[in-house]
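Student: Next come the chains, spelled out residue by residue.
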Amino acid sequence: MTRQKILIVDDDPNFVLLAKSRLEANQYEVFAAMTSVDAIRMATELKPDLILLDMIMPAMEGYDICKKIKTDEQTRHIPILIVTASTKKENQLKCLSAGALVVILKPFLPSELLALIKKALDPKSKWRKTENMRHS
Amino acid sequence: MNKKSNCARTVKDVPFTAGSNGISFDIECVDWISTALDQLLIGLNAKDEITFWNSATEGTFGILSRDVLGIPFSKCGIRWQQDIIASAFAECREKKGPVKINDVRFLRPNMEEGFLGLTIIPVKTGYLDVLIFGADLTERKKLEHLKDEFISTVSHELRTPLTIIREGVSQVLEGILGETTEHQRKFLSIALQAIDRLSRIINDLLDISKIESDKLELKMDLVDLTVLVQELVASPSPYQMKAKNKGLMIQALTPPHRVECYLARDKIIQVFTNLIENALKFTEQGTVEILIQDQGDHVQCSVADTGIGISKEDLPKVFHKFQQFGRTPGPGGKGTGLGLAISKGLVEMHKGKIWIEGERDKGAKFTFVLPKLRGTEILRQYVSSGIRKAKSHKSSMTCIQFNVSNFDLLKKELSKDKIAEFIEEFQTCIKKSLRNRADFSVRFHSGVFALLPSTNKQDGYLVAERIKRDYEKLEAHPLSIQYCIASFPEDGQREDELIELFSSERKI
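Protein sequences appear in the order of chains A and B.
Taking the working numbering, the leading residue of the first sequence gets 186, the next gets one more, and so forth.
Taking the working numbering, the leading residue of the second sequence gets 241, the next gets one more, and so forth.
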């Protein structure tokens with residue numbers, strides 16, 4: 186069975202290492218981008234099934250990366266979950282307005298992250314239906 | 241005072257005389273006091289001409305009183321948000337009462353930006369029609385901003401390594417990286433519990449900081465406390481599990497009808513969570529009871545336990561931060577030390593009160609009361625806050641009031657609780673239809689109010705029509721829905737102007 190692809194966008198190599206380990210143990214195929222340029226390039230080339238995006242990235246903020254991905258015809262369909270240690274509500278709302286599905290605050294329970302990923306990947310979930318309505 | 245020209249003099253122009261009765265207490269004394277004030281003080285006559293301009297005002301704006309006395313206020317040359325000031329003046333004259341405005345941006349003589357808090361007071365004296373008191377809030381705002389930034393940065397910098405530690409420990413514990421011995425798993429479990437406790441402390445510190453600096457925004461809605469508490473306690477809730485493991489009984493005692501109150505649902509759940517967890521922690525045998533009582537104009541909620549209680553000396557300290565006293569919890573029961581301080585803060589933000597009764601070894605009872613706020617008050621708060629945010633983002637805002645047009649007919653045939661249930665279902669339908677994450681809705685006794693930030697009136701109509709259509713498509717839709725729309729800035733600049741546009745036929 187083909188494994189679903191997840192792209193992790195985070196400039197912290199330790200987080201990427203651990204998140205990759207967790208997701209691969211749960212049968213996902215995982216790719217990582219540690220810069221905004223790589224994030225946008227890999228989103229376009231790989232067309233992952235889901236993106237985990239850090240809100241604070243060097244050079245380009247998570248919000249801008251999210252907006253870029255969501256406005257590009259080739260990548261706008263990819264669900265984005267924001268994973269962040271920042272509690273600034275304004276920034277979180279900005280990302281949600283740009284098309285992210287949910288903001289997950291670090292540190293999180295692994296079971297919570299996995300449940301949210303599963304929900305985001307389920308085409309029948311309310312999230313995906315609302316997402317489709319936003320694009321129509 | 242030179243009454244003919246209607247211009248006030250500053251204290252420099254008035255010869256100081258002291259008679260046998262002391263200083264004559266008239267305008268000269270007011271001059272003297274106003275000069276000593278750090279606060280701005282501006283006086284206007286009925287023609288809005290400046291009759292008073294104290295030295296603090298001179299210093300703040302770099303405009304001397306001799307250059308502005310007698311000229312119209314609008315032409316005095318202050319570089320500030322003229323539209324907000326004009327709006328506040330209009331409100332003051334209409335209300336015939338004081339109006340406060342905060343965070344009025346202005347430019348100093350050196351072009352630096354500052355912030356003022358102003359109070360505009362209508363007075364009717366011989367030559368004064370309006371008094372404006374002002375305080376320069378710039379330094380306070382800078383400090384607040386620095387504090388917010390500090391807390392946000394510290395929170396971020398603590399959370400990031402904590403995530404790495406947690407994920408690393410938990411993956412080893414779960415065997416993802418290979419097998420572990422029982423001994424290793426025991427130690428890793430202890431480490432994980434400590435990490436989770438640290439995480440809760442960080443969250444609680446952030447909460448208490450927001451509460452203390454008045455930065456926590458409450459998303460108020462009409463909530464049935466009976467259902468809220470029953471859901472918290474009913475099986476298979478974690479509290480039932482904890483109680484069962486300790487051989488305790490936990491139960492909710494609620495009236496048979498709805499007990500509805502405007503409150504921030506997630507925050508009151510947080511309060512109940514703190515109180516119930518405390519009760520379970522400090523009780524080894526007996527019961528934990530959650531009681532809801534409808535007292536007419538307020539609701540009283542209690543969490544009572546038969547646990548180790550609390551001594552009379554420690555009672556006053558219970559809601560203080562990080563207080564440790566005689567109550568020693570059972571194994572694995574260490575809290576953050578902030579739960580009760582946060583609960584108190586959250587209850588008081590709802591204009592409520594919380595207190596504790598109890599004695600050593602005779603259990604403890606935490607009680608809090610929440611006033612039943614009026615729907616019109618909630619509506620006004622939301623519209624006012626929505627306009628404020630729209631102004632600061634230079635965007636628009638639309639409010640939609642959905643009314644149940646067959647409300648009177650339904651009242652004759654159905655109970656109040658049944659109607660409330662139908663309106664709740666309608667609100668669920670609205671929530672499903674709203675596509676922008678910043679949109680939200682509030683239920684009232686006879687309808688639902690939706691607030692759509694960054695939405696103009698035309699788009700507001702599209703949303704309202706879509707919601708009505710989606711509801712009417714449902715197999716069962718017992719309510720007949722009509723709606724009214726008011727938008728900022730199209731329909732007005734102030735909340736009074738927008739609220740007036742809503743239908744007055746149905747009381748909220």
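Heads up, a few of these hints could be off.
Label-pair ranges, simulated between beta-carbon atoms [as the list claims (entries may be wrong)]:
1. Gln212/A with Glu553/B: 56 to 66 Å
2. Glu275/A with Lys672/B: 53 to 63 Å
3. Ser429/B with Asp307/A: 27 to 37 Å
4. Lys484/B with Leu231/A: 43 to 53 Å
Keep in mind the hints are simulated off the structure, nothing from the lab.
What you are looking at is a predicted structure, and each value in this text was computed from that prediction instead of being measured.
In this text, a Cβ means the ideal position worked out from N, Cα and C, and glycines have one as well.
Student: Taking the Cβ atom of Ser429/B and the Cβ atom of Asp307/A, is their distance within the range 27 to 37 Å?
Tutor: Because 32 Å falls inside the window, the suggested range holds.
Student: Within 43 to 53 Å or not, the Cβ separation of Lys484/B and Leu231/A?
Tutor: Holds: the Cβ-Cβ distance is about 48 Å, inside 43 to 53 Å.
Student: Indicate whether the distance between the beta carbons of Glu275/A and Lys672/B respects the range 53 to 63 Å.
Tutor: violated (26 Å)
Student: Could you say whether the range 56 to 66 Å given as a hint is met by the Cβ separation of Gln212/A and Glu553/B?
Tutor: holds (58 Å)
Violated hint: 2 only; the structure is consistent with all others.
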